[in-house]
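Trainee: First to last, the sequence lines map onto chains A and B.
Just so you know, my numbering puts 568 at position 566 of the first sequence, and the rest follows in order with no gaps.
Just so you know, my numbering puts 401 at position 260 of the second sequence, and the rest follows in order with no gaps.
Among these hints, one or two may not hold up.
[Unchecked claim] 27 angstroms max Cα-Cα, derived DSS-like pairs, lysine-lysine: (1) K288(A) / K145(B); (2) K479(A) / K323(A); (3) K119(A) / K426(B); (4) K361(B) / K323(A).
[As the list claims (entries may be wrong)] Some chain B residues well away from chain A (every beta-carbon gap over 10 angstroms; in silico): (5) H171; (6) E258; (7) F325; (8) G330; (9) N343; (10) E349; (11) T359; (12) K361; (13) L375; (14) Q383; (15) K395.
Don't read these hints as lab results, they were simulated from the structure.
Each residue gets a CB set at the ideal place from its N, CA and C atoms; glycine is no exception.
Listed below are the residues making up each chain.
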Amino acid sequence: MQAQAARDLERMARERLAAEGFIPEALKTFAGPRRLTLVAEGLPLAQADRKEERKGPRVGAPEQAIEGFLRATGLSRDQLVERDGAYFAAVEKPGQPTPAIAAEIVEQIVRSFPWPKSMTWADGSLRWVRPLHRILCVFNREVVPFQIEGIESGEVTQGHRFMGSAQPFRARDFDEYQDGLSRHFVLLDPEERKSVIMDAARTLAFARGFELVEDEGLLDEVAGLAEWPTPILGDMDPAFLDLPPEVIRTSMRVHQRYFALRDARSGFLVPHFVTVANIEAEDGGKAIAAGNARVLSARLNDARFFWEEDRKIRLEDRLPKLKGVTFHARLGTMYERVTRIEALAAELARFVRDDAPTREKAVLAARLCKADLVSGMVGEFPELQGIMGGYYAQAEGLDPEVVDAIRDHYKPQGPADAVPVQAVAAAVALADKLDTLVSFFSIGEKPTGSRDPYALRRAAIGVIRILLQSRTRLPLKSFVSDELLAFFADRLKVLLREEGQRHDLVDAVFALGDDDLVRIVSRVNALDQFLQTADGANLLAGYKRAVNILKAEEKKAPLPAGEPAEMKAAPPEEAGLINALGHAELEIGKALKTEDFEAAMRELAALRALVDAFFDKVLVNSEVAAERDNRLRLLAKVRDAMGRVADFSQVAG
Amino acid sequence: MPDKPLSFQGLILKLHDYWSRQGCVILQPHDVEVGAGTLHPATVLRALGPRPWRAAYVQPSRRPADGRYGENPNRLQHYYQYQVILKPNPPDQQELYLGSLAAIGLDARLHDIRFVEDDWENPTVGAWGLGWEVWCDGMEISQYTYFQQVGGLDVRPVAGEITYGLERLAMYLQGVDHFSELAFNDPDGPAPMTYGEVFLENERQHSEANFHLYDVETLKRQFDDMERTVPELLKGRAPQGQATVLPAYDHVLKASHLFNLMDARGAIAVAERQSYIGRIRELTKMCAEAWVANEGADA
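If we strip away everything but chain B, and leave its shape as in the complex, we get (with noise of 0.2 angstroms):
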C-alpha cells in the first residue's frame, strides 16, 4: 500500500497510466446516457468484427432506479464505470488485470482475491460471456467477462472485458464508509474536495426526477420515436458507402435510458417488461448486424 490511499481521480489516472502502458487507446466516456460501461460504442460494437481492439476509458452509467437521494452509503443513480476491452482476449489477461490492482495500491499478499465464476449476461443488448465476479476481501471489485456474444451475433475472436466499479473500489482503498467521503482529489492540496461536494446535489436532483417529475406519456413517446429513427438511420450511407450504424447506435442507447427512466417512475408492468427488453434487443442486433457487414466491407 502506498502511504496515502488513491484520491478518486488518482485512481483512475493510474487505471489509465497502467492499461495505456498495455497498448490501449484511452478513450474519453461516451456523451449519450448509459446504464453500464458495456453499452459505450467503444465495446458493444468494437466488440464484433474481425480486427483486434484495445481500449479503456472512464464511463459515467445512469441507474435511475438506483438513485437514494445520496443517502444509501454505496447506491447511486450517476456514477462511474473503468471499463477495459481486448480484443482478442491476450493469453495472460489475468495477470494483467492483477497487474492493475497492484498498480492502485492493491497488495495481493495482504489481500484475499478471488476470481468468482459468474455467467454474465445482458439481455437488452443481446450479449452474454462466461468470466469471474473478482472479489477483494470479500467485496466485489470487477466484473471480469470473455464475450462470447453481442447483438445476438459471436463475438469472433473473442473480446475480454474487464469492469471495476469506481466509487466502489475508491471507498476500500480509502477506507471510508460513505461515497460521499470519498477524496475526489488530493485531500492535502489547495482544494480538496469529497465526491459528495461534487456530486452528492447531482444525486438528490436526479433522484427526485427519476422517480417523481419526468412524464412517462413524454418517455413513452420518445422511446417510440428512438425506436423509429433507428431503422431510418441505418438506411443511410456516409461517403465511402458504410451504413450509418454509430448515429443509429446512438439512438439505441437513447431508448435504452427512457426505458429505464420510465421503469424508476414504475411505469412499466411486470408484463411490459420483457416486451420492452426484446425491442431494445431488436434495435441493437439490427445496429450489430450493420456493424459486422460494415466491417467486413471494410477488410
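Just chain A, with the same shape it has in the complex (with noise of 0.2 angstroms):
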C-alpha cells in the first residue's frame, strides 16, 4: 500500500503541477509507516502570466447578455472580438504566487487521495487511511499557509516516537526534513531502509559464519514497518529443525516476518533468525531478541503440533472432508474436483508415459493430492499446499513418485518455478491444471482484459511447459475445446516470444491445424532455422511470388485443376522444376512422417536455385493457354509443397 500511495501522490502532483502551467525540475515521493512526503524542485516563485481567450454571447445577443459577460471579464465592448458570430474575449490571467497554488494543490490531493480503504475519525469528515495529524508545508523556506479540516500547515514535524528526544523539530526545506528526520532517527527513504536491512543483515549472518536466506517481498513488507529499521538477530530451539525447512520458513515469513538464516556450505536452515526492529534498544537489543525467540517457539509449537497431530491420519481418510470444501459455487466440491483430476490423469499418465504402474501411480496420486487442503497445517500455512501432502505422503510410506506428484502438481506457479517432468508427477500436475481450465471455460470464466482471477493463463502456461519439457505427445484437442486450444495458442505465441521466437512463425504452423506442442515447436525452430539461411530466404520470395500469382490468376478465373505434366517444348527449367518437385513431394512427406523437419526444410532447399530458375526463364502467363495452365498447376504444386511444412503466408518477409 506504502508503495502505491507513492506512487498515487507523485501522479496527482505531477498532474495537479501541469495543469497550473508547473514544471518541476524534479518530483519525488517517500512513503513509509508514519508519513507520506512530496517533494518538488526547481518550481519558480509565482506561475507565468496567461492568455486565456474565453467565449461570450453570440453576435445580436440580447444587451444584458453582453453587459454580464463585460463584467465578467472586466473588458469594454471595443475590446472584444467577433469570430464565427460569437464574441470572445482576450483574458489576461495574471500568475498566481506558487505558495497559494501549492496549498490548493495540497488540499486537493488530501481530500481526493485514492486509499485503497479510508476512514474518518473523531468528529471530523477527512478521510485518510489513518488519522491524519500534521501537515508540514513550506516553499523557499516559508510555511505555506493553509488549513484542511482544522489541521494547519506548518513547518514542524516529529521523529521517531520512541529514540531521541521524541520532540517536534521545524524543517524549512527538504535537506533540513530529511537531516532533521534521520537526527530524530527516521530514514525517510524506503529504498534507504531496505539497504540498511540488507547491509546489516547480512552482516549479522556472516559474523555467524551463515547466510541470510534472501527475500524480496519480506524486505519490503519490513522496508514498510520499521522508521528507523535495526536487524536483531535471534536464536531458535535446535529441537525445532526436525520439522521441515519449509514449514519453519513459512511460519517465520509469515507469521513473525523474520528472515532465515543457513548454512553456507550445506544451505541447510541453522537455529537462527534475522528480525526487523524499530529501534536501537538500550540494551543493545538482547530483551527484543529474547522475547521474538520466545514467540517463535511459541509459533513452532503450534506447528509442530499440526505436523504431529496431521500426520496420524491418512490422506486418504481426509477425503470425505472435502466434500465439504467448496472448489467454485458453479463448480462444486473440492471432492467432485479430486474426482474428475483423477480420471483425467489416468487418461493422460498414457500418454506421458504408457504403463500401467505409472497410471496406477498417477491416479493415485491425483486422488490424494488435494487431501492436505484439510489438513491443520495446511489450514495455518495455505502456502504450504502440496509441500505438506508430499511430507505426510512420505510418512505413510508412499511409491517416491507418488510422493513427488502430490508435492509437484501445483508447480509451476511461475517462470522461475521447476516444472515437474517426471512421469507420474507431469501426468497429476496436467490433470489439476487442465481440470482447472476445462471447468473455469464450461461456465465461462475466461481471462479477460488484466482481469483472471483464477490465474487461468498460468495454468495453460504451466502445461504447455510440462508438455515441452516432458516432450509429452498429446492431442490437446481430445481434451479441450476449440475454443481453450485456442487460449492454448495465444498462451504458446507468448511463450514462444519471450524466448526470442517470431510470432509469425507460430502463426505459419498454427496455421496447419496441428494440437500436438511438442510438434509444434520442433517444426517452428526448424522452420526459424530455415528461414535464417539464404535458401529459406529466396525460397520464401519465391513462394510469395508464385502465390501472387496464382491469386491474381484465381481472380480471373478458377485455377487449372490437376497435375501439371511434362510438355513436349517446354523450357528445361519448367521441366526441371516439375521432376524435382516430383522428388521433393515424396521426401517431404518421409521426412514429416518421421517429424525430422530439418530434412524437411532441406528438401525446400533443394527447390530453391529451381524456383528461382524457373521464374528467371519461363513466362507463367504465356499466350499459349495450356503451356499457361501447365504452369499454373506447377506452382500450386510449388505452394502445396511448401504448405505441407508451414504456412508460408503467415510468414512475414
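Hints in hand, dock the two standalone chains.
Mentor: Written out as C-alpha cells, the structure is:
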C-alpha cells in the first residue's frame, strides 16, 4: 500500500502542477509507516501570466447578456473580438504566487487521495488511511499557509516515536527535513531503509558464519514497517529443526516477518533468525531478541502440533472432508474436483509414459493430491499446500513417484518455478491444470484483459511448459474445446515470443491445424533456422511470388485443376522443376512422417535454385493457354508442397 | 521494568487504574457469553449514537472451537480480553495507549513496539474499522481500531477501540511459556495461585462439552428460539417509551454463542456458515437501529 501511495502522490502532484503550468525539475515521493512525503524541486516563485480566450454570447444576443459578459471579463465593448458569430474576450490571467497554488493542490490531493480503504476519525469528515495528524508544507523556506479540516499546515514535524528526544522539530526545506528526520531516527527513503536492512542483516549472518535467506517481498514489507530499521539476530530452539524447513521458513515469514538463515555450505537452515526491529534498544536488543525467540517458539510449537496430529490421519481418510470444501460455487466441491482430476490423470498418464504402473501411481497421486487442504498445517499456512501433502504421503510410506507427484502438482507456479517432468508428476500436474482450465471455460469464466482471477493464463502456460519439457505428445484437441485450444495457441505464442521467437512463425505453424505442442514447437524452430539461411529467404520470396500470381489468376477464373505435365517444347527450367518437385514431395512426406523437420526444410532448400530459375526463364502467362495452365498447376504444386511444412503465407518478409 | 512482573490480576488492576485516570467508566464483564470483548453492549451499542462514552472493562471471552483441553500453551476456549472504548476517539489515543504499556511495565526503549496496519472486521455484528495490530517484540499484544461501522450503521463520531489479550500479555510480562504457569495473584503472597490452578479444570471440562457433549439438535432449536425472541423483544417499550433494545441484544449474544457451540461440534456445513452469520448480523442490525432510534429520541 505504501509504494502505491507514493506512486499515486507523484502522479496527482504531477498532473495538478502541469495543469497550473508548472514543470518541476524533479518530483520525488516517499512513503513510510507514519508519513507520506512529496518534494518538488525547481518551481518558480510564481506562475507565469497566462492569456486565455473566453467565449461570450453570440453576436446580436440581448444587451443584458453582453453586459454581463463584459462585467465578468472586466473588458469594454471595443476589446471584444467577433468570430464565428460570437464575441470572444482575451483575458489576461495574472500568474498566482506558487505558495497559493501549492496550498490548493495539497488540499485537493489530501481530499481526493485514492487510498484503497480510508476512514474518518473523531468528529471530522476528512478521509485518510489513518488519522492525519500534521501537514508540513514549506516553499522557499516559508510555511505555505492553509488549513484542512482544522489541521493547520506548518513547518514542524516529529521524528521517531521512542528514540531521541521525540520532540517536534522545524524544517524549512527538504534538506532540513530529511536531515532532521535522520537526526531524530527516521530514515525517510524506503530504498535507504532496505539497503540498511540488507547490509546489517547480511553482516549479522556473516559474523556467525551463516548466510541470509534473501527474500525481496519480505524486505519490502519490513522496510515499510519500521522508520529506523534495526536488524537483530535471534536464536531458535534447535529442537525445532526436525520440522520440515518449509514449515519453519513459512512460520518465520508469514507470522513473524523474520529472515531465515542457512549454513553457507550445506544450505540447511540453522536455528537462528533475523528480525527487523524499529528501535536501537538501550540493551543492544537483548530483550527484543529474547522476546522474539519466545514468540517464535510458541509459533513453532503450534506448527509442531499440526505436524504431529496431521500425520496421524492418512491422506486417503481425509478425502470425505473434501466434500465440505467448495471449489467454486458453480463447479462443486473439492471432492468432485478430485474425482475429475483422477479420471483425467488416468487418461493423461498414457501419453506421458504408457505403462500400467505409471497409470496406477498417477491415479493414486491424483486422488490424494488435494487431501492436505483439510490438514491442520495447510489450514494454518495455505501456502504450504502440496508441500505438506508430499511430506504426509512420504510419512505413509507411499511410492516416491507418488510422493513427488503430490508435492509438485501445483507446479510450475511462475516462470522461475521448476517444471515437473517425471512421468507420474507430469501426469498429475497436467490433470490438475487441465481440469481448472476446462472447468472454468465451461462456465464462461475466461480471463479478460488484466482480469484473470483464477490464474488460467498461468495454468495454460504450466500445461505448455510441462508438455514441452517432458516432451509429452498430447493430442490437446481430445481434451479441450476449440476455444480453449485457441487460448493455448495464444499462450504458446506469448511463451515463444518471450524466448525471442518470431510470432509470425508460430502462426505459420499453427495454421496447419496441429494440436501437438511438441511437434508445433520443433517445426517452428526448424522453420526459423531455415528462414535464416539464404536458401530459406529466397525460397520464401519465390513462394510469395507464386502465391501472388495464383491469387491474381484466381480472381479472373478458377485455377486449372490437376497435376502439371511435362509438356513437349517446355523450357528445361519447367521440366526440371516438375521433376524436382516430384522427388521433393516424396522426401518431404517421409521427413514429416518421422517429424524430421530439418530434413523437410532441406528438401525445400534444394528447390530454391530451381524455383528461381523457373521464374527467371519461364513466362507463366504464356499466350498458349495449355502452357499457361500447366505453369499455374506447377506453381500451385510448389505452394502446396511448401504448405505441408508450414503456412508460408503467414510468414512476414 | 518493575522488579517483579505483574501477576495476572495485578495486570488487570494496573490497567483499571490507568484507564480510570483517563476518565473511563470501569465496568464489570457482561453476564452473557460472548466471543470477544467487542460484543459487550458497552462497545457494540454505545459505539453508536451521538453521545460521548469512555469505558474500560475485562470481558471473559468464549471461543468454543479454540478449546485444547488446556494443553496448548496459548489457546483457550475461555480467556480474558481487556477492552477500552473511547468515543469520540481522542487525538492522542495512540499516546494514551502507549502510556498504558508503560503503566504495566513495558519499556518502549527496551522493547520493539510496532503499529502494524490492520483492517478489522467482524461480519457477525456488521462491524468494520481501520487500525493496527500492536506488536511487542514480534508478538501481537493488542488490537487497535477506529470503528467506522457497527451493525451496518456509520459510527459518528468515530469510536476508538483498544483490546488487550490479557493471557498473552501476562505470559510475556512474566516470561512464562504456558498459560497455566501464569501467576494469577502475588506468587509471594500467603495463598499463591497459578492461572492453571484457577482455570485448567474449566478448560478441560468445557473443551469436552464443546467438542462432544452438546446436543446439536437442541443447540439448533435454541438458536431458532433466540432468533425469534429478538424481534419480539424489540417491539417492547420501557416506561419512558424507549424500545427494549438491551434485553433484545442479550439474545443476539446468546444466538451468537449457540452458533459458536454448533461450530465447535462440527455441526455447521461450509455452505450453512454464511447463512448463520448473516442471520446474526441481521439481528444485530435490528438492535443497532433500535438503539440509534432510542438515542435520537433521547437527545
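Trainee: Could you tell me which of the hints above the structure violates, numbers in ascending order?
Mentor: Violated: hints 2 and 6.
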